[in-house]
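J.: For reference, the chains in residue letters:
Protein chains: 2
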Amino acid sequence: MASVRAIAAQLNVSPATVSRVLNNHPDVDEATRERVLARINELGYSPRIGRRITNVIALAYPDEPVRSEYGSFEPALLSGIMRGLEEPQFDLKLLNIRRDKAPNETYTQFFIRKGIRGVILRCFRNNRPTICKIATERFPAIVVADAFDEPGVNFLRADSYPSSRQAVEHLISLGHRRIALAMHNVPDSDHADRRRAYDDALFCAGLPVDPALVIELPASLSSGEQVLDTMTGLDDPATAIFATNPMTTLGIMRRAQEKGIDVPKQLSVVGVDDSDVRTHIWPRLSAVTQDASALGMEAARWLTEVIASGKTAASCRRTIDTVFEVNGTTGPAPQRQARRRQDRGRVTTGDAEKAD
Amino acid sequence: MASVRAIAAQLNVSPATVSRVLNNHPDVDEATRERVLARINELGYSPRIGRRITNVIALAYPDEPVRSEYGSFEPALLSGIMRGLEEPQFDLKLLNIRRDKAPNETYTQFFIRKGIRGVILRCFRNNRPTICKIATERFPAIVVADAFDEPGVNFLRADSYPSSRQAVEHLISLGHRRIALAMHNVPDSDHADRRRAYDDALFCAGLPVDPALVIELPASLSSGEQVLDTMTGLDDPATAIFATNPMTTLGIMRRAQEKGIDVPKQLSVVGVDDSDVRTHIWPRLSAVTQDASALGMEAARWLTEVIASGKTAASCRRTIDTVFEVNGTTGPAPQRQARRRQDRGRVTTGDAEKAD
DNA sequence: CATGCAAGTGAAACAGTTCCAGCCGGGCAT
DNA sequence: ATGCCCGGCTGGAACTGTTTCACTTGCATG
Numbered sequence: 365m366a367s368v369r370a371i372a373a374q375l376n377v378s379p380a381t382v383s384r385v386l387n388n389h390p391d392v393d394e395a396t397r398e399r400v401l402a403r404i405n406e407l408g409y410s411p412r413i414g415r416r417i418t419n420v421i422a423l424a425y426p427d428e429p430v431r432s433e434y435g436s437f438e439p440a441l442l443s444g445i446m447r448g449l450e451e452p453q454f455d456l457k458l459l460n461i462r463r464d465k466a467p468n469e470t471y472t473q474f475f476i477r478k479g480i481r482g483v484i485l486r487c488f489r490n491n492r493p494t495i496c497k498i499a500t501e502r503f504p505a506i507v508v509a510d511a512f513d514e515p516g517v518n519f520l521r522a523d524s525y526p527s528s529r530q531a532v533e534h535l536i537s538l539g540h541r542r543i544a545l546a547m548h549n550v551p552d553s554d555h556a557d558r559r560r561a562y563d564d565a566l567f568c569a570g571l572p573v574d575p576a577l578v579i580e581l582p583a584s585l586s587s588g589e590q591v592l593d594t595m596t597g598l599d600d601p602a603t604a605i606f607a608t609n610p611m612t613t614l615g616i617m618r619r620a621q622e623k624g625i626d627v628p629k630q631l632s633v634v635g636v637d638d639s640d641v642r643t644h645i646w647p648r649l650s651a652v653t654q655d656a657s658a659l660g661m662e663a664a665r666w667l668t669e670v671i672a673s674g675k676t677a678a679s680c681r682r683t684i685d686t687v688f689e690v691n692g693t694t695g696p697a698p699q700r701q702a703r704r705r706q707d708r709g710r711v712t713t714g715d716a717e718k719a720d
Numbered sequence: 365m366a367s368v369r370a371i372a373a374q375l376n377v378s379p380a381t382v383s384r385v386l387n388n389h390p391d392v393d394e395a396t397r398e399r400v401l402a403r404i405n406e407l408g409y410s411p412r413i414g415r416r417i418t419n420v421i422a423l424a425y426p427d428e429p430v431r432s433e434y435g436s437f438e439p440a441l442l443s444g445i446m447r448g449l450e451e452p453q454f455d456l457k458l459l460n461i462r463r464d465k466a467p468n469e470t471y472t473q474f475f476i477r478k479g480i481r482g483v484i485l486r487c488f489r490n491n492r493p494t495i496c497k498i499a500t501e502r503f504p505a506i507v508v509a510d511a512f513d514e515p516g517v518n519f520l521r522a523d524s525y526p527s528s529r530q531a532v533e534h535l536i537s538l539g540h541r542r543i544a545l546a547m548h549n550v551p552d553s554d555h556a557d558r559r560r561a562y563d564d565a566l567f568c569a570g571l572p573v574d575p576a577l578v579i580e581l582p583a584s585l586s587s588g589e590q591v592l593d594t595m596t597g598l599d600d601p602a603t604a605i606f607a608t609n610p611m612t613t614l615g616i617m618r619r620a621q622e623k624g625i626d627v628p629k630q631l632s633v634v635g636v637d638d639s640d641v642r643t644h645i646w647p648r649l650s651a652v653t654q655d656a657s658a659l660g661m662e663a664a665r666w667l668t669e670v671i672a673s674g675k676t677a678a679s680c681r682r683t684i685d686t687v688f689e690v691n692g693t694t695g696p697a698p699q700r701q702a703r704r705r706q707d708r709g710r711v712t713t714g715d716a717e718k719a720d
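Protein chains in written order, with our numbering: chain A, 365 to 720; chain B, 365 to 720.
Quick caveat, the hints were computed from the structure, so don't treat them as lab data.
Mixed in with the good hints there might be a few duds.
Note that the list lumps identical chains together, so a pair holds whenever it fits in one copy or between two copies.
Taking lysine-lysine pairs in the DSS-like style, the calculated list, with each CA pair at most 27 Å apart, reads [claimed, not checked]:
no.	residue 1	residue 2
1	LYS629	LYS465
2	LYS478	LYS457
3	LYS497	LYS623
4	LYS465	LYS478
5	LYS675	LYS497
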C-alpha cells in the first residue's frame, strides 16, 4: 500500500530520502532515518519492481549457509519449501543474515532491501534472540523446526514427544531397564520434548532416571562414538540408547560396528531421522522420523497465505506429527550374563539365526 | 546497458510493449515479439530495479527442486555457492525451470523475467538439450558437475578419471582380479570418466574386462543391493566392487552387512562420495571423493566475474581434482578357497584379529 | 572574516510496470 | 449494405524505486 513517495509526502521529505533509508545509505541524518523507519513500520511496505509487487520470500540462515551437518535435513526442507511455493507462484531467495545484514539496520529494513516479502527462518545454536527480535518487528516470518514460548513468534515444528515416548516405551516393553539418553548439548524445544518423553516413559514404567545414563554432547559423529563408549563402559552398562539427533545416532552405530557390538542383539539403538538416512545403513535404524519436506511445504504455504491476504496479525504455532518407526536396531534386552564382553574386535555371532 | 526505453526507441514501439514482451504477456503481436527479442539478444539486457542493476544469480534445477537422492551433494554445493557469492555481494535465487518457464518464452526471457543476471545449472537425466539451448542463447550460465563437448557450454566439474583409476589400481595391487563396476544407467561425463578409468586400469594390468562384472543401474539403495547380489552370486564372483555413485555404494554396504558378508575381508568396496557420507558408516568407505562445496564456490566466482566484467564471450571448461581416499572397505583379495560361502545369515568371523 | 569542506537533502532524470484509452479490423444483426 | 460491437494490439500516462547532481547549511580553518 504505502509507496516511497507516499511515505515521503507524509513526512515532508523527498522520495530520495526514503529510498536512502530503505537501502541503508550512510548519508542520511539519524533523526530522519528514525522518523522514516517508524512510519514504514506503521504503514507496512512491500517491495516493488515498477508497479508490480515482488512475490519473493527468503529462507534465511542466521550464519553459515545451508550447513549439511544435520544430515539431509536441509535439502529435504528446501525441496518441501519449493513445492509449497509452487501453487502461490512465489520465488525463493537464500539469505545469510550475518553476512548481508548491516549492523545498524533493522531486520525489516534488511528484508525490504533484499526485496522479499516474508522469511522462513532456521533456528540454530545462538540465534533465538535474533528470531525474537524479528518477531517484535512484525515482519512476516516463520520459524521451522523449533518452538518458542515468546508470543508473536510464528513457528511450525514437528512434535516429537509422542513418538519419542513410544520409542522409549518400546524399549521398555522389550525388557530394557538401562536405557541411555544422548541429548544435544544446546537446548531447543525439539530436544526438550525428547527429554520429557524419556523422563515420562521411565517414570510411568516405574523406572528410575539414572543421571549416569543421560549425556549431553554436540550433534556429531564423534559425540556418538563417545556416547557408545561411555554407555557400554559403565559398571552397569546401558542395554539401549536413545539418541536425539541423526549424527549422534550414526556415530553410535559406526562405533558399535567398529567395536563388534551386535546391534540389536547386544545393544538396542533408537535414533532420530530428518530424512532417509535411517535406511542408508544396516541394520536400518529404528527411529523417530520427522518429515522435513512436509515442514518446509507447510511453512511456505502459511507464509505465502499471510502475505497474500495481508493478515499480518496471523499467528502460527503449529505442530505436525512425527512417527516412530521400528526397524532393525531394536531388539529384546540381552540376558544379564551375556553383557560386559569387552573384547575390542568382532565377536562371534554364529548363533544369530537361533536367537531370532 | 540497454534499457527498455532504449530498445523501444530503436524499434519504434513503446516501452510498455517491450516490458510486455519481457514479461511474456499474451497480448502482444507475434511479429513484434520477435523483433523485440531479437534486439534484446543483440544488445544484451540486465534487469534493474529503479536505476540499480540487480545482483542476483540463480541456481536452476531442470525439474524437481533440490533432490536429495544424491546424498548431501546438494547442500554441499549450495553451501559452496553461498560462500562464493559472499565477496562479490550477489544474492541467490532458486529456480525450477519446468515449473516456472512458460513454454513459449526463451530461456533468456525467462531468466530476465526472474530478475537474474546469470545462472548456475544442474544437469540431470534428460536436460542436456535444455542446457545446450541455454548456451546458444548466450545467457551467462555455467553447469556444475558435468561436462559437455558442445562448444559454448560452460561447465565446471570434478575430473574423477585419475582418482578412479587410482582406485581400481589400488584394488588390483591388493590382489583383486575380479573387480566389478557398478555404473549409473544414464550417461554423463562423470560416469564416462569412471568407466574409462576402470577399463584403462584393467587393460594396463593385463586383465580382461568381463562384461558380466559391469552393471548399469539407477543410482539408488536398491540398485546397490542388486549389485551385491549379482556380483557375489556369479559362478566366478567378484572380490571387489567399484560403485560410481554414493547411493549405490551405500546399498552395496547395507546389503553386504545384511548378508553377513565381511567388508573388506571377503569383499572390497570402493565408492564415490560427494560429501561426508563415507565417514558416516562403518567401516569408513574407501572412496573417490569430490568436493561439491568447492565446485559450487568456483562456479559462483566464475559466474559473478563474468557478469561483473561483462565479458560474455568468456568460456569456462574447468576441471578440479578429485581424491581417492583409502579407508576401511578395501583389503587384500580373499584366498580362492575361502570364497563362495553362501549362507544367508551372519558368518563366523572370530578369526578377525589374526588376519590383521 | 572569508574560504573550504563535509553532511544532508531534494529535484530531476532515469529505471520498469501497469492502467486506460484508443485504434483497427472482423464478425454479426438489421 | 450499413451500422454496431467486440477483441487484439498498442501507446501514453501514471506510478513504482533508485541514483545523480546541485544546492544549502553548518562548522572548521587559514
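J.: Against this structure, judge whether each hint is valid.
T.: Tested hints:
For a Cα distance limit of 27 Å, the shortest separation of LYS629 from LYS465 qualifies neither inside one copy, at 52 Å, nor across copies, at 54 Å. In this assembly of identical chains, the alpha carbons of LYS478 and LYS457 lie at most 27 Å apart whether taken from the same copy (9 Å) or from different copies (11 Å). Taking CA atoms no more than 27 Å apart as the test, LYS497 paired with LYS623 passes in neither setting, with 47 Å inside one copy and 54 Å between copies. Taking the shortest alpha-carbon separations for LYS465 and LYS478, both the intra-copy value of 10 Å and the inter-copy value of 23 Å come in at or below 27 Å.
For the homomeric pair LYS675 and LYS497, the shortest alpha-carbon distance inside one copy (20 Å) is at most 27 Å, but the shortest distance between copies (43 Å) is not.
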